[in-house]
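So the sequences go chain by chain: A and B.
Read in order, the letters of the first sequence are residues 1 to 403 in our numbering.
Read in order, the letters of the second sequence are residues 1 to 228 in our numbering.
Hint data in this document are derived by calculation from the structure and do not stem from the laboratory.
Just to be clear, a hint being listed does not mean it is correct.
[What the hints assert, rightly or not] Once the Cα atoms are required to be at most 25 angstroms apart in a straight line, the calculated SDA-like pairs of lysine to any residue come out as:
1. A:K34 to B:L127
2. B:K24 to A:K120
3. A:K34 to B:K24
4. A:K48 to B:A136
Chain by chain, the residues run as shown.
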Amino acid sequence: MPVEAGKCDCHTTPLLLFPTAADSAMRPLLERQKYLIDYTLAALLRRKTRNLGLLLVYTLLVFLFASVLLLSQGLRREAALLLQDAPEVVVQKLVAGRHDPLPAAWLDTLRRIRGVSSAKGRLWGYYYDPAIKANYTLMVAPERELGADEIVVGAALARIRQIGVGDYLSLRAADGRPLSLHIIGVLDSASELLDADLLLLSETGFRQLFQLPPEVYTDAVLTVRNPREASTVAGKIALALPASRPILRAEILRTYDAVFHWREGMTFVALGSLLLAFLILAWDKAAGLSAEEKREIGILKAIGWETGDILRMKLWEGALLSLTAFLAGYLLAWWQVFYGGARLFAPVLKGWAVLYPDFRLTPTVDLQQVLVLLAVTVLPYIVATLIPGWRAAIVDPDAAMRG
Amino acid sequence: MIELREVSKVFNQGQPNECRALRKLSLHLERGGITVFKGPSGSGKTTLLTLIGCLARPTAGRITLDGRLLSNLPERFLTEVRRHTFGFVFQQFNLIRGLTVLENVMLPAYPLGKPYRELRDGARALLDRFRLAAKADSRVEWLSGGEAQRTALARALINDPAVLIADEPTANLDSALSREVLGLLLGELAMQGRTVLISSHDPLVFEAVQVDRIIELHDGRMVGDSQC
Numbered sequence: 001m002p003v004e005a006g007k008c009d010c011h012t013t014p015l016l017l018f019p020t021a022a023d024s025a026m027r028p029l030l031e032r033q034k035y036l037i038d039y040t041l042a043a044l045l046r047r048k049t050r051n052l053g054l055l056l057v058y059t060l061l062v063f064l065f066a067s068v069l070l071l072s073q074g075l076r077r078e079a080a081l082l083l084q085d086a087p088e089v090v091v092q093k094l095v096a097g098r099h100d101p102l103p104a105a106w107l108d109t110l111r112r113i114r115g116v117s118s119a120k121g122r123l124w125g126y127y128y129d130p131a132i133k134a135n136y137t138l139m140v141a142p143e144r145e146l147g148a149d150e151i152v153v154g155a156a157l158a159r160i161r162q163i164g165v166g167d168y169l170s171l172r173a174a175d176g177r178p179l180s181l182h183i184i185g186v187l188d189s190a191s192e193l194l195d196a197d198l199l200l201l202s203e204t205g206f207r208q209l210f211q212l213p214p215e216v217y218t219d220a221v222l223t224v225r226n227p228r229e230a231s232t233v234a235g236k237i238a239l240a241l242p243a244s245r246p247i248l249r250a251e252i253l254r255t256y257d258a259v260f261h262w263r264e265g266m267t268f269v270a271l272g273s274l275l276l277a278f279l280i281l282a283w284d285k286a287a288g289l290s291a292e293e294k295r296e297i298g299i300l301k302a303i304g305w306e307t308g309d310i311l312r313m314k315l316w317e318g319a320l321l322s323l324t325a326f327l328a329g330y331l332l333a334w335w336q337v338f339y340g341g342a343r344l345f346a347p348v349l350k351g352w353a354v355l356y357p358d359f360r361l362t363p364t365v366d367l368q369q370v371l372v373l374l375a376v377t378v379l380p381y382i383v384a385t386l387i388p389g390w391r392a393a394i395v396d397p398d399a400a401m402r403g
Numbered sequence: 001m002i003e004l005r006e007v008s009k010v011f012n013q014g015q016p017n018e019c020r021a022l023r024k025l026s027l028h029l030e031r032g033g034i035t036v037f038k039g040p041s042g043s044g045k046t047t048l049l050t051l052i053g054c055l056a057r058p059t060a061g062r063i064t065l066d067g068r069l070l071s072n073l074p075e076r077f078l079t080e081v082r083r084h085t086f087g088f089v090f091q092q093f094n095l096i097r098g099l100t101v102l103e104n105v106m107l108p109a110y111p112l113g114k115p116y117r118e119l120r121d122g123a124r125a126l127l128d129r130f131r132l133a134a135k136a137d138s139r140v141e142w143l144s145g146g147e148a149q150r151t152a153l154a155r156a157l158i159n160d161p162a163v164l165i166a167d168e169p170t171a172n173l174d175s176a177l178s179r180e181v182l183g184l185l186l187g188e189l190a191m192q193g194r195t196v197l198i199s200s201h202d203p204l205v206f207e208a209v210q211v212d213r214i215i216e217l218h219d220g221r222m223v224g225d226s227q228c
């Protein structure tokens, strides 16, 4: 009821009011929360410089952490997608634990193993180019039907050597003679994650370059009738060919996963000092209530605010600031990783020595990842704002106002 | 209505700077009327009003309100009593800086969750009554002493309390502003049947004709009690 002059009903109602539990339950909760948010926003704006500084640092921190998480997860997902078409089993020959060319005769043995539907010899290797101080991955691609001196190169390789279709690339063969190769194609940048440094060539060209005899291959790739039995087939291969090393597709995926996890972990360690600095700043700014803030809490209690109202106000203060920072930081990171080329952390997380792949990750949002990041960045700040507010609110209003 | 039995208040108890603000003070206050607590600085006036208004708890003794014991009520219930029964006007105004006059007046009603329009209209009506309508959207730090005290008065009345407590309401005002604030406190408010408790050592207050009772304090003890 609006208070109007001369219309006070103090005489007709009992002087002292002890509200019942039913009265409390009837309180319009929503309206209360709106007032609290209103007051909190006004309080945040009153300490504009301090809160804006905190918001900027907070946003930057969320941005950095979210960038690393989004990029490394995107890379893992992309690698997994591309490796879907990888062979189920790869067989290598080992000599005293070292990789050795695989004899062509092994292919027949492998084809005879129960469960194996096909076995093909593969030719691939690494080539160090001193001109750009980088390794190329060389691979024979029979399906491309390349001529003896024809090659197709990865986009990153073409970029760094500044070469394109029609140009010639000269490589030094194992016997010391230069081998001039004609570029007839550049690989699509969509698959650049895996083929940034790739160079596809013919079997003749490969054997000529590495001086490899015709009866050996680098390794063999197998397809199995039932992919769920791949590990059983691998066991049989190890028995039939004791010098062999069968590698499953799942193992390759695990390796990629581990590599990205390791890089992600290293980046987080590097960001750890930043997180620590932020926590100190947040604790100082959020936890240390100024004398003015303490006095304000005392006034609010004196004029009828409960300790719970103060806590709710502080909860809103922490939540508004941290959620704004979280949203801004996460959205910025998301844009940066998926649309900005992830320039900030790509050199650390992508790797690939000199030949960095240039590709665009598919934009996705992982709810679990968002929740983890939310818990790590938002919850500690809210707690840091709640505790001092609670400590100031539980003292008598008179003591709080006196400071 | 309000009864104090052998109430004592000691600050910093057991420490070298221990201060006994009230010493076994007993008092009975009836509903309605204007009571002034007078006495020199440090006599315990403010502490007494603080205890009556549930802003602090006594170190010893009992305080009852309409027969219900207040001194050992849990904090939550004490806040409910404070919110619904008492309105405070402080010597230092204690307005929240950075907020407007209207927002300051509405502030005590926020936890009640009244509809905004109803609350705003109530606050504007109070500001009209105290000739502050034109200042409604001004920040409180821009107000003069008299305006700030009138804003504090409007804030104290927003929840329509039965008891209005004013601690040295004229201490920071010049004579003209003191008369103006006092006119509102003693005249209009007491006429509405509210209980008004004022602490002051200003003769302008305790010599006013509307005052019903004067209680004199010295060194935390009651040394005089006169009906006017």
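Verification of the supplied hints:
no., hint, verdict
1, A:K34 to B:L127, "holds, 23 angstroms"
2, B:K24 to A:K120, "violated, 103 angstroms"
3, A:K34 to B:K24, "violated, 45 angstroms"
4, A:K48 to B:A136, "holds, 23 angstroms"
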